[in-house]
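Same order as they appear, the protein sequences are chains A and B.
Its first residue numbered 386, the first sequence is counted upward by one per residue in the numbering used here.
Its first residue numbered 6, the second sequence is counted upward by one per residue in the numbering used here.
If you are wondering where the hints come from, they were derived from the structure by calculation, not from laboratory data.
Backbone N, C-alpha and C fix where the C-beta goes; we use that ideal spot for every residue, glycine too.
Among the hints, a few may not be true.
What the hints assert, rightly or not - Selected chain B positions facing chain A (Cβ under 7 Å, derived; list incomplete): (1) F39; (2) E47; (3) G48; (4) L49; (5) G110.
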Amino acid sequence: EADIYQTPRYLVIGTGKKITLECSQTMGHDKMYWYQQDPGMELHLIHYSYGVNSTEKGDLSSESTVSRIRTEHFPLTLESARPSHTSQYLCASSASPGGTMNTEAFFGQGTRLTVV
Amino acid sequence: GDSVTQMEGPVTLSEEAFLTINCTYTATGYPSLFWYVQYPGEGLQLLLKATKADDKGSNKGFEATYRKETTSFHLEKGSVQVSDSAVYFCALRTNNAGNMLTFGGGTRLMVKP
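Starting from the given sequences, assemble the full structure and let the hints guide the process.
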């Protein structure tokens, strides 16, 4: 079982509010990712990190921001939530021992965000 | 760039039917290939993987063979169960672009009793 946790699982929030989605892993993985999953199921990479103090934007432009101050923690923040941010957000992590590409990514259970 | 193409769903089958979900890929270099499964309301879980040509990944009755000549990694199961109803994602990972995972669009499988 993967040791990666997301909170909250479900969140309904009003427009204009600031929110932070939490993601933590206890596996010591250096790489962490945030995906946005649309209703059609497709996954879009919105942020990733190779390690502490490293963050990059993904393929899909997002108004969210992330930080990586500790290896185990990779929170995602929306400064001002809008209905267009309503989606499922999935956090993942992976190791990269010796730069190998054979290791899989482990996913959290996701946060379903609804902005009203 | 790298890409993964999966057959579109939903795929609807009766219990004990044979399942195939097609997956083809485009990648520079020699990728590792993965199948992930997402049950309702959950995150993704690794189902199986293969790291080099002709490798066969298998788990829980599911199988997929890494076919370099056809750049494919089709998922198969001989006899599906209602509990296999989920969304299945094919993915690849290369040494390019920082070892990022590239996912297909997902295929929803519905198994009826």
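- Item | Violations among the numbered hints | none
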